[in-house]
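Engineer: Okay, here's what each chain looks like letter by letter:
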Amino acid sequence: MKYALVLFALVATQWAHAQKESVTFRVEGICGMCEDRIEGALDVPGVVVADWDRDSKMVSVVYRSKKITEQQLHDLIHAVGHDTSAGKASDEEYAGLHGCCKYREGASCPHEEKE
Amino acid sequence: MRLFLLIAGFLLMSSQGAAQRVKGKVYEEKGGFELKHLPMPGAHVRLLGSESITVTDAFGVFELDGVQMGDTIEASMVGYEPSGWVWEGRGFVELVLRPGVALEAAEVVAEQRATSLSLMSPLNVQTLNRAELVKAACCNLSEAFETNASVDASFTDAITGTRQIKMLGLDGKYTQLMVDNMPGPRGLSVVQGLLLIPGDWVQSIAISKGAGTVSSGYESITGQINVALKNPTNADPFHANVYLNGAGRWEWNHVSTHQVSRRWRTALLSHALLNQRVNDRNGDGFLDTPLQRHVILRNEWKFTGDRGIRGEYALSGATTQLVSGQTTPFSEAPWNQLPTWMDQRTFSEGSWVATSLIDRLEATAKTGFVFPAAEWRSIGTQLSALRHASRHNMGGNAYDGVEQMFRANVLYAGRIGNSNHRFTTGGSWVFNSFDESADWNDTTSVSWNRVERVPGAYFEYTLNDEARWNVVAGVRYDRHNLYGGFFSPRFHARFSLSEHVSLKASAGRGMRVPNPLMEQLGPWASRRVWWTWDRESDERVPLQGLNIRPEVASNFGLNASARFKLNHRESSLSIDAYWTEFEERLVVDYDFGTDAVLVYNLVGTSRSRTAQVEWDWSMHRRFDVRMAYRYVDAVTDRIQPEARRDPFVSKHRGFAQLSYGSRVRENGSQWRADATVQWIGAQRLPSTANNPEPFRRPDEAPDFAQLNLQVSRDFSSRASWYVGVENLTNVRQDRPIIGAGGVADEDFQRYFDASLVYGPIFGRMVYSGFRWKVS
Chain A
427 MKYALVLFAL VATQWAHAQK ESVTFRVEGI CGMCEDRIEG ALDVPGVVVA
477 DWDRDSKMVS VVYRSKKITE QQLHDLIHAV GHDTSAGKAS DEEYAGLHGC
527 CKYREGASCP HEEKE
Chain B
2 MRLFLLIAGF LLMSSQGAAQ RVKGKVYEEK GGFELKHLPM PGAHVRLLGS
52 ESITVTDAFG VFELDGVQMG DTIEASMVGY EPSGWVWEGR GFVELVLRPG
102 VALEAAEVVA EQRATSLSLM SPLNVQTLNR AELVKAACCN LSEAFETNAS
152 VDASFTDAIT GTRQIKMLGL DGKYTQLMVD NMPGPRGLSV VQGLLLIPGD
202 WVQSIAISKG AGTVSSGYES ITGQINVALK NPTNADPFHA NVYLNGAGRW
252 EWNHVSTHQV SRRWRTALLS HALLNQRVND RNGDGFLDTP LQRHVILRNE
302 WKFTGDRGIR GEYALSGATT QLVSGQTTPF SEAPWNQLPT WMDQRTFSEG
352 SWVATSLIDR LEATAKTGFV FPAAEWRSIG TQLSALRHAS RHNMGGNAYD
402 GVEQMFRANV LYAGRIGNSN HRFTTGGSWV FNSFDESADW NDTTSVSWNR
452 VERVPGAYFE YTLNDEARWN VVAGVRYDRH NLYGGFFSPR FHARFSLSEH
502 VSLKASAGRG MRVPNPLMEQ LGPWASRRVW WTWDRESDER VPLQGLNIRP
552 EVASNFGLNA SARFKLNHRE SSLSIDAYWT EFEERLVVDY DFGTDAVLVY
602 NLVGTSRSRT AQVEWDWSMH RRFDVRMAYR YVDAVTDRIQ PEARRDPFVS
652 KHRGFAQLSY GSRVRENGSQ WRADATVQWI GAQRLPSTAN NPEPFRRPDE
702 APDFAQLNLQ VSRDFSSRAS WYVGVENLTN VRQDRPIIGA GGVADEDFQR
752 YFDASLVYGP IFGRMVYSGF RWKVS
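In the order they appear, the protein sequences are chains A and B.
Each position in the first sequence, counted from 1, maps to that position plus 426 in our numbering.
Each position in the second sequence, counted from 1, maps to that position plus 1 in our numbering.
FYI, nobody ran anything at the bench for these hints, they're computed from the structure.
The structure displayed is predicted, hence computed values, not measured ones.
By construction, the Cβ of each residue, glycine as well, lies at the ideal position given by its N, Cα and C atoms.
Misleading hints may appear alongside valid ones.
Said to hold, decoys possible - Among the chain A residues that face chain B by a calculated CB cut under 8 Å, a handful are: (1) Asp-469; (2) Val-474; (3) Val-506.
Isolated chain A (complex conformation) (with noise of 0.2 Å):
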C-alpha cells in the first residue's frame, strides 16, 4: 500500500513536469451553458485544464504544446461559435447558438443566477 503510493507520486510528479504552457484569454459568452459548451470544445488530448469565467470573460488554459498549438485552441472555440481575442466565430456557426447565448446581441439568460 505504501509502495503503492510512492510510486504513484513518483509517476504523478513526472507527468506534472512535462512541457506544458498556459495562456489566458477572452471568450465572448453569456451563460453557463456557453461556459460548458466553450470548455467542452476544449475537452480534447493535449489540454490538460480550460476553465472559463463568466464574469471576467476569460478563458485560462494550460496545454501541452507538443500536441496543441495556441492558435489551435481558438479554432476549436470559433467552430463552436463564440468569438475569441484571436478572431471571430463564422456566422453560420454562430447561428446554431441557443437563443440566450446570442452575445452578438447582448442576449442574457433569464434562469441564470444573480451573482
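For chain A, the structure is supplied; the task is to place chain B on it using the hints.
Structural biologist: Just chain B now, with coordinates in the frame of chain A:
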C-alpha cells in the same frame, strides 16, 4: 440580463431620491410550453446590501421599506432561481421566480464533486451526494458506505448477512444516525434499522466526525451521520429502479412526487426486496445469504405556507421477514413454515434455522416558522413517534422486543447583535419504552423492561468571523428519569490559515443507554450463552443480574484540510486524528470462553485512537482518484488482561478508488466506471483456544483486499443501466462457521458458532440494475 440591470442601475443611481416604501408581487412560473404565472406565497424578498427582508403573503404580495433608486430588490425561494429587480422608482414591482430545475434545454448544472469536504464549516463534515452514492449501487444504508473511507461496514454474523457500520474504530451504535435531522436507527433498531433505509431513497449523506451539535440530542459520541432522503421538493416527479444480483436478490425502488395543491406537495417512496434462492457456495451446509422479503413504504408531505411557515410530515412503515440457517429445511418455499420455526426451542445438526421478523411504524412532523421581518430568527418544532417490534429465533435462541418512542424538540434560532453571532436554543422531551424478553433453548431467559423519560435543554452559540474563524460551542443538560442528570458540552472550531488551508478542532461528551441484546447479533447465531460478571464473587452470573448503566464517552479531534492544484487540476488532502475515551461502557466480551458472551460494565480504561489521511485528485478530465489510509488503536480492559485489543477491528486499513466518466453528450448520455479497492489489515479474533482442533480458529484474521467494479451507462439523463461486481477477486473467509459441515450432532450442539466473522462469505457477486426517471 445582468448587464442590463447594471446599466439600468448606473443610470438611475444619478437620480437617487429619498427612501420609499415599495409594493410588489412575486410570481411563480409554471409549465413547459404554455407558461403560467401564479402568485407565490412565502417567498423571501430582500433589498440587496441591507438587512431589510420580508415574506410574501398568500397572494404573493409584499411591501418593502427604505427602498432607494438603484437598489436591487431580490426575491428568493428554496428550489427556485433568485430573481432581482433594480428599482427605478415605480410603486409596484413584479418579480418572477423560475424553478431551479425546470428549464431542461437551458439547464445549467454546476460541476459538483461526488464527495465534498467543506473548508468553511467548523464541523468536519463530508457530504456524499447522488453521484457518489450510485457508485455502489447496492442496496440499503448499511451498504452505502462501500465507497467511503471514513465509515466501514462489517458483517455481524455468518447467518443473517446483516452489516453494521463502524466509525473511528467503534461500532455504529456510538455514532448518532439521523434521517432528515430526526432520530434514525437507534435503540433496538441500532443495527437492523440501517437495512430499512433503501439506498435509492437517499439524496445525500452527511458524515460528521467528532462530537457534533447539541441540538439533536446527547447520544452522539464518535460523530453524526445525517441521511437526507429524497423529498417532495428535491426528487424527480418519478424515479424507479430495479436491481438483481447473483445471489438471487431482487429489489424494486420507486420515488414519485406530486403537487397536490398550491401549498402542499407530496412524495411517495416504495421499496420491495425478495430473495428466495438457496446459496451455499462454500459447501458448509449453511446458507451464504439469507432468504428475505422486505416491504418498506414512506409518504411525505411538504407544506409551504404563507408568511414563512413550512412543514414536513412523513409516515413510514416497514415489514421484513428473514429465514436463514442450514440448507436442508429449505426444500420448498420457507415463508409458510415461519411461525413453526419461530416457536422452536431446540435444534440439531441438519435443522438449525434462523428466523427474524421486523415491523416498524414511524411518524415525523417538522414545522418551522421564519419571522417575516427577520429571516435570522426562526422557531421550529420536531415531533417523532415510532414503534419498532422485532422478533427472532436463531436455533432456539429466541428474542422478542418492542420499542416505543416519542420525541418532541423545539428549536429557536436567533442572533446576538449582528449575524456574526448566532445562537440556537431549545428543549426536548423524550419518552422511550423498551420491552425485551429472550430465551436461550429453554435453559436461561431474561426479561427487561425500561421506560425512559428525558427532558432536556440546550444552548448553542455560533461565532462566524467571515473568513478566518468559526466557533460552534454548545451545552446541553438532560435529566434522565433512571440515570439522573447528564451534562454534554460540545465545542467545534475552525481556523483558516489561508483560503485553501483550514484547521479544525473538536471536543465533546456524549451518553447513550445500551440495549445489549440487539446491539450484538453475532452471539445469537452461536452456542454462546449470555452472562454477566459479578465483581464481588469474581465469577459469571446469569444475564438477568446485569445492572445496565449508560455509556459515557468524550471525544477529541483535530483535522487539517487543504485544497490545492496538482498538475493544474483540483486536489484536496485531509488529515484527521480522533481520540475517544470512555468513562463508562458496557463491555461485550467474547474472550472469556467459546461457550459464553459476557456483558459487564467497564472497570479500567477503554479508548479508541484513530488517524486518517485522505487524498482526492481530479487527475484528468475523465479520471478522479481517491486514496485513504487509516490507523486505529482500540483497546478495552476485559476480564482476561491479555485480551485488551478490541476484536474485529483492523489496525491498518487502506482505500483506493479510480473513477472514470466519459464526455457527457448533448442528450445526457455518458459512460461511467468506478474501481474501488479496500485493504483490510489483520484483525484480532476472540480466542477459540479452549476448543478442540477442528473447532479452533486463528487468533488473528489474515489481512485481505476487496475489489469492486461498476460500469454505468446513462442512455440519456432519464435512463441508465449499471452492472457491477463486488469482490471481484473472490476473497472469502475460511470456514466462517465453527461446527458447520458434516460433524457429529453432539459436536455441532457444543461448538457451533457463526459470530466470528471478519470478511466476506459469499465471494464474488455480480449485480445489475436499471434506473429510469421522468423529470
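Engineer: A separate judgement is required for each hint: does it hold in the structure or not?
Structural biologist: Hint by hint, here is what the structure shows:
no., hint, result
1, Asp-469, "holds (6 Å)"
2, Val-474, "holds (5 Å)"
3, Val-506, "violated (12 Å)"
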